[in-house]
Amino acid sequence: MQPKPAFSGDAQTWQFEPLDTWFFRESRPLESVGGAQLTSQFPPPVRTLVGAIRTTIGDALGVNWQDYQSQPDHPLRAQMGSPTELAPLRIEGPYLMQNGQRLYPAPLVVMGKSEGTGMTRLAPSETPVRCDLGRVHLPKAAERVKPLDECWLTAQGLVAVLEGKVPSEDQMCKAKSMVHAEPRLGIALDGHARRPLNGLLYQTRHLRLKEGVSVGLTVRGLDLAEKSGQLGPKGVARLGGEGRLAAWSRHTEQKLPQVSLKQDAKRLMLTLLTPARFSQGWLPDGFEQKQKTCNGEDVTGWCGKLADRSVTLVCAVTGKPLRQGGWDMATHQPRDLYGLVPAGSCYFFELDSAEDAQAIAKACHGGQLGHDQAWGYGQVAVGVW
Amino acid sequence: MMQHALLGLTAETSLHAGTGRRTGVIDLPIMREAHTHWPCVYGSAVKGALRSQAQRLGHAWLTEVFGPDTNNASDHAGALTVGDARLLLLPVRSLNSHFKWVTCPALLRRAKADALRLGITDAQDAEDIKRVLSDDTAVAPHGGGSETQVFLEEFSFSVQRPNLSALVAWLARFGTDEAAFAEQLKAQLMIVSDDMFNHLASFATPVTPHIAIHNDRKVVKDGALWYEETLPPDTVLYVALAANRSRAKDSAQSAAWVLEQALSLFPQERPYVQLGGNETVGMGWCRVRTVDSSIKGA
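Protein chains in written order, with the numbering used here: chain U, 1 to 385; chain L, 386 to 683.
Bound conformation, chain U alone (with noise of 0.2 Å):
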């Protein structure tokens, strides 16, 4: 037996390194690229991190996976869920993590002249702008700038977002630091007569994470497993496409930094730091469109709620659609194939009063967004614009 670890199951952050590679395939089957290669998704799915933690206490319970698979009351699904049901777990994440701290994905109104230099933020423009959506107060930056690429954020640069600035350059972390794109050819070969066999020549794009880059998940929920005594600190464990091995280790939870907003705040933006399921698209689920006059000219807003308080989503910044799908273990078959919001779009809001940014901002701030809570999607952080 392991010795049991010195943090509780309350609430705790699983470290995942790399042994060599990493391939987390993108939704696409390996048929369907043609001459293309195939792309890994990064940081990982929470999926497929959340398998790898739910098959390592299952495997450290020594628990019978066909019995598991079979019974629907088997003991351990009140340790550690189901591939539907998830509770007692919760989980917050996935993020990448540097040296062992967490980072948190630029919000996307940082943007940049080139290299992170020249750094700015869009705001709602003053003027409405007709488009699809209505006359809308669209995202303007002052000079012209261009998105940053790929961009993590120290809790100090998220910090410096959310209370309206711009991240110093030792605040960005770029992915192209962290973490290498790894092409690879594969065959497959016929045992028999020792050659390839046709039509299965395949490419993927594997990742190779620097020193000291882990993706980190904070985990909920493991007291029953906890008190099992069987759960070590430490290990190994297959993660993602390929086989691919991670070290995994467990630490004390990492907590979201806290952010003073002005007391005379009225406009929030929430930035998202997980990716965010939404039956309505990029709209948060709860908001409608609403028209508004305006200087004697008709305005589009989105009116909802956010902790109880009206509020009015003025626009939003948004990333490129995200597509999660991935493999049922269980039932031997690809999961339904969804789009997700992805990390780093913002929301801006127009608030009645002051005092409701401050109740959103203490009651919203680390919240969630959205469904598959559970699952960490729609995690936000509360800032002001």
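Simulated from the structure, these hints should not be mistaken for laboratory data. Note that the coordinates shown come from a computational prediction; the quantities given were computed from them, not determined experimentally. Ideal Cβ positions, reconstructed from N, Cα and C, are used throughout, including at glycine. Any given hint could be a false lead.
Calculated from the model, a selection of chain U residues having no Cβ within reach of chain L, i.e. all distances over 12 Å [to be verified]:
| no. | residue |
| --- | --- |
| 1 | Thr-120 |
| 2 | Glu-150 |
| 3 | Glu-226 |
Which chain U residues face chain L? A few, computed with CB under 8 Å, are given here [to be verified]:
| no. | residue |
| --- | --- |
| 4 | Asp-20 |
| 5 | Asp-59 |
| 6 | Ala-181 |
| 7 | Glu-182 |
| 8 | Leu-185 |
| 9 | Gly-186 |
| 10 | Arg-208 |
| 11 | Lys-210 |
| 12 | Val-213 |
| 13 | Gly-235 |
| 14 | Val-236 |
| 15 | Ala-237 |
| 16 | Arg-238 |
| 17 | Glu-242 |
| 18 | Ala-247 |
| 19 | His-251 |
Given chain U, put chain L in place with the hints provided.
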């Protein structure tokens, strides 16, 4: 629980694990890691070689351990996970002595980290000698020779000789005859700086020209000249193996059983595996040693 093992691979013949794409003047380059550019053999190629070996030996447990073939891939997953074969010691020609097994602190640090992850706690690195290394300084084991100047390829190094017995003992575990390999390492191990190793690993690998001939006329076929890169014989690599319990339906075989079957592919009397291409011209034969295993007595 998952069971794991660390294997040491020593190339006995040239090894060509190719990437299938050309780079610059080399038509058939070898596999390399994207960020370090160090040579490696991808895990899929190593697993394919192990699977092929099991198939050749006619083992009934083939599917249970390695998974079903491509046409039945969704039946269940294989129970054995095979990591990349990663470089540990690169043989580099030396102009004033026998070849040297060259490595660097970054590579040894990584090998130690990999070993720790597999539960091997006595792995050694070279962090304590890192500060003495520069582009023209190298470190070799004390008592392994008296040269103070050594040439590796076209580079000259002044050599310092601290006591590296613990490191030599650790590295010797990757060879099949541990005691003999330790003696060889004492005379031939050389640790260079990370930057210098990067250069040697990029440019000191053999690149050989090949032609194809018309058998009837005994002349070279038009356009049939190509350059092929290989890892030289005596290259030392290592592979991590991890085993789950069997995923096959109606099988209750444990992870230890899965790993045991995989390790049985390398019996003491014939501990070989063929990696990479050109098997029919004798390339890619590696000697295999189980450095450590979570199965007792393996």
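Need the list of violated hint numbers for this structure, in ascending order. Hint check: 12, 19 fail, others pass.
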